[in-house]
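**Q** Order-wise, the sequence lines are chains B and W.
The letter at position 124 of the first sequence is residue 124 when you use the UniProt record's numbering, and the numbering goes up by one with no holes.
The letter at position 161 of the second sequence is residue 161 when you use the UniProt record's numbering, and the numbering goes up by one with no holes.
Honestly, I wouldn't trust all of these hints.
DSS-like cross-link-like pairs, simulated, lysine-lysine; straight-line CA separation at most 30 Å [unchecked claim]:
(1) W:Lys53 to B:Lys187
(2) W:Lys391 to B:Lys28
(3) B:Lys28 to W:Lys418
(4) B:Lys244 to W:Lys184
(5) W:Lys418 to B:Lys74
(6) B:Lys261 to B:Lys244
(7) B:Lys244 to W:Lys44
(8) B:Lys244 to W:Lys53
(9) B:Lys244 to W:Lys418
(10) B:Lys244 to W:Lys391
(11) W:Lys147 to W:Lys176
(12) B:Lys54 to B:Lys170
Derived from the structure by calculation, the hints contain no laboratory data.
Quantities reported herein were computed from a predicted structural model and do not represent experimental measurements.
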Amino acid sequence: MAKAVERLKTTESVDSNATDPNAPSFFKYEDRIEEGDTAIVYVCFGVTHAIVVKRGMTLAMKYGALRHEFIIGKPWGSRISATAGYVYLLRPSSELWSRSLPRRTQILYTHDCALILQLLEIKPGSVICESGTGSGSLSHALAMAVAPTGHLYTHDIDESRTKTVEQEFKTHGLSEVTTPVVQDVCKYGFFVSNACDGVFLDVPAPWEAIPHAADAISRSRGGRLVSFSPCIEQVQRACEAMRKFGFVQIETVEIVPRTYKVVQQNRQSLAEFNESGDSLAATTNFGGRDHRKRKAKIEENGAESGKSWTLASGNCTAITFPYNQPTHSGYLTHATLLPV
Amino acid sequence: MDESHSRDSLIKYGVFLALQKIDGEHVKVFRLTPKLKISHEKLKFDGDSVVGKPYGLFEIVSEQCQPLAVEKLIEEEVEQASSSVEPDAAVVKEVLAAVLKQTDSVEGSTDEQTAASPVAIAPSALRLAVDEARQELTQENVLALKKNGTTTSELVAKLVEGNKAYNTRTVFSQSKYIKRKTQKHSDRALILRPTLRLISSSYYTKDADRIANLRIDQLGMILQMAGIHYNKNVVLFDQTLGLVTAAVVERLGGKGKCVHIHRGSIAQSIPCFHSMSFDEKISSTFLPVRISCLLAGKQLPYDTNRPNYKEGPEEKKSKVEEDVEMNEVKPGTSEGGAPFYEVDEAALKRRQDRLDSEKLGLELIDRGADSLIIATRTVDPVSILEILYPKLRSGSTVVIYGPQLKPLIDAYEWLVKKNAIHMQLVDQMYRVQQVLPDRTHPMMSQHVVGGFLLSAIKAIPPPQTVEIAQKFENAD
């Protein structure tokens with residue numbers, strides 16, 4: 001630990017104006033991709049692959065094969081041809097990582113991670129305890145927010161998951177700000193006591209972990225607690241426990257995100273409709289008869305999949321899309337523990 | 001007067017405070033000045049009484065703040081939990097005990113109650129009567145009681161006694177009444193350091209329109225989609241009273257850059273930023289750049305003929321909060337002292353500092369930032385994109401937040417033509433739950449207003465798309 005702090009100090013002294021060439025992968029802002037970098041291969045909307053760029057390796061995906069050799073030296077954000085189509089090469093971020101990480105468990109998505117970070121009042125320098133680690137989606141978001149001077153202790157009962165995340169942290173340059181621990185926090189509490197600024201719980205019985213969370217939080221600074229539970233019964237018991245152990249400002253919230261698609265406005269007059277029928281029928285080709293002489297639609301070059309783009313700009317609106325979207329992930333209960 | 005930001009320091013004059021009643025819905029953020037009378041959700045106290053005390057839980061007795069140990073809350077909670085199945089039994093019992101005590105001493109007034117009690121009237125039958133008409137206690141009575149230092153439970157007991165319809169209520173309704181009244185007249189409050197969560201909640205519930213309806217979850221999304229972390233270079237247009245700026249600056253933690261584009265000659269109307277009282281290290285990443293410089297494409301000198309403390313009609317402050325805003329004064333320097341229009345040496349120095357950081361900001365824009373955030377209320381995002389998007393590095397993130405959908409759709413179309421990728425247009429529902437044993441459900445009504453969020457990543461356009469984009473432009 002002491003060694004880690006010392007090393008952090010040395011990186012601190014690097015001039016903040018320049019992008020740091022020795023900065024760890026996820027914090028690196030070089031112009032071009034180098035061997036060893038983690039890159040996000042963006043195939044199309046919703047399809048991304050995270051790779052560690054290494055000579056001799058090949059990525060097989062929807063648009064055929066992509067040899068890593070071709071990636072090295074390319075600027076970030078550039079478009080590159082694979083054998084059966086083209087893809088984009090993007091810098092890793094916690095949002096893109098959440099989309100492309102190898103899933104070992106159910107993960108927390110960006111909208112939940114974003115709110116959890118706000119509710120924990122996280123900032124560089126914060127010390128945070130998390131349980132469980134799972135696939136490390138939130139862990140990455142937390143680690144990136146507390147870097148370079150804070151620390152994340154992430155706990156899980158599964159050793160193999162912990163090992164994998166530990167390896168990922170190493171590859172992504174986050175190992176100095178993280179400590180993955182194999183420990184059941186409900187039974188044995190957290191790795192630290194009287195030390196952290198925030199605790200995040202995603203465990204089946206949060207009420208069992210809450211006394212330990214109160215213990216982990218710094219007495220002199222106080223701290224924040226956020227608990228994620230899919231079921232309201234868990235929330236109820238968790239709230240009871242929070243009140244019992246002296247937490248204040250207890251509140252339970254949920255968020256339901258909704259994504260949109262930008263489309264052409266449908267608008268025809270009654271007379272037009274009488275003349276030619278449903279204008280949508282013509283474009284989508286259902287109904288089959290009376291094909292309208294529509295302006296040729298220009299398929300957008302290299303834009304999002306499933307999105308067709310017409311020339312008539314300024315005449316667009318948005319609809320909820322896709323029609324089926326997640327409506328529940330979990331309730332977030334958050335509370336404050338005052339300093340004593 | 002550089003404050004040491006050690007966490008254990010005590011409350012003193014000049015600091016910003018976040019005040020919230022226990023179980024209260026609203027947060028009030030204000031600056032503590034001498035002789036301040038604070039009133040918030042029926043709570044009144046002398047600001048002077050918190051000076052020298054640690055941040056935390058307070059009890060207000062006769063308009064004076066006394067620190068209260070959290071153990072007191074825990075004790076009550078344990079008592080309540082052990083006493084029964086009935087939810088707020090401890091509170092209800094306490095209040096009812098007080099009622100009995102009073103009715104014992106003042107006999108005679110019970111006739112009405114005993115007459116009413118055996119008849120179970122459906123609550124709906126009573127809706128015709130006006131609420132106040134059923135309460136015998138007047139506003140003056142309540143205030144007088146409070147002034148005499150009556151405790152909350154005694155006061156609520158009096159209210160229960162004075163409420164003619166109380167006995168006609170169901171048990172649940174009675175306990176709800178007591179809980180509501182207890183909350184309303186509660187004399188306990190938290191006085192904390194402002195944090196982004198508290199500031200955002202304060203502005204959102206009080207006057208969401210002024211921060212473009214930006215809710216905490218969407219603020220979080222802005223930071224997450226833009227990928228803000230230490231050492232990042234960010235360009236930012238902020239029409240949310242400095243809320244987004246404060247959030248970005250906090251996440252940079254003193255390393256990286258946050259170029260803040262502002263109207264007039266100094267960054268103004270950013271009370272959220274000032275309320276955070278960032279220390280010198282953290283605020284060193286804050287680089288204000290004048291819009292006029294962006295439009296001119298170069299750094300302009302200050303107009304020396306005009307005193308720079310007055311900027312425009314916007315400066316007329318209507319809200320109390322903005323009055324405490326430290327206009328010209330940078331956090332950490334002596335505030336409220338010399339009048340601003342005296343162009344003394346300190347003012348010249350500040351101006352030079354501003355010019356220096358502006359220069360850094362303009363250089364960063366030209367060199368290419370890694371993230372562009374537009375949190376707009378009225379300004380067309382496309383007009384900002386036109387100036388700033390071409391200068392961004394490839395692979396950088398773009399996040400646009402706005403309370404209206406149409407400007408974002410236009411920005412979406414614009415970005416598509418520029419071959420931006422990974423584009424997402426989202427909003428989200430945010431709902432608070434009432435959590436009570438056997439009575440958990442979403443709040444019956446709450447603030448639901450919010451905005452829309454468009455995010456994208458700048459990619460290097462392939463050659464043929466450039467041609468198409470040009471065709472588009474000619475067609476327009």
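**Q** Work down the list of hints and note, for each, if the structure agrees.
**A** Right, here's what the structure says about each hint:
For the given pair, lysine 53 (chain W) sits about 37 Å from lysine 187 (chain B) by alpha-carbon distance, which is inconsistent with the 30 Å threshold. For a cut-off of 30 Å, the pair hint linking lysine 391 (chain W) to lysine 28 (chain B) stands: about 19 Å separates their Cα positions. The suggested pairing of lysine 28 (chain B) with lysine 418 (chain W) holds, with an alpha-carbon distance near 25 Å, which does not exceed 30 Å. With a C-alpha separation of about 23 Å, the suggested pairing of lysine 244 (chain B) with lysine 184 (chain W) holds against the 30 Å cut-off.
Restraint check: the Cα-Cα separation between lysine 418 (chain W) and lysine 74 (chain B) comes to about 20 Å, which is no more than 30 Å; the hinted pair holds. Note on lysine 261 (chain B) and lysine 244 (chain B): the hinted pairing is violated, with a Cα-Cα distance of about 46 Å set against a maximum of 30 Å. Under the criterion of a C-alpha separation no larger than 30 Å, the hint pairing lysine 244 (chain B) with lysine 44 (chain W) is consistent with the structure, at around 29 Å. As the CA atoms of lysine 244 (chain B) and lysine 53 (chain W) are separated by approximately 25 Å, the hinted pair is consistent with the 30 Å bound.
For the given pair, lysine 244 (chain B) sits about 56 Å from lysine 418 (chain W) by alpha-carbon distance, which is inconsistent with the 30 Å threshold. Only pairs whose Cα atoms come within 30 Å are accepted, and lysine 244 (chain B) paired with lysine 391 (chain W) is rejected, the gap being roughly 54 Å. Between lysine 147 (chain W) and lysine 176 (chain W) the CA atoms are separated by roughly 26 Å; this keeps the pair inside 30 Å, and the hint holds. Distance check on the hinted pair: lysine 54 (chain B) and lysine 170 (chain B) sit about 16 Å apart at the alpha-carbon level, within 30 Å; holds.
Hint check: violations occur at hints 1, 6, 9, 10; the rest are consistent with the structure.
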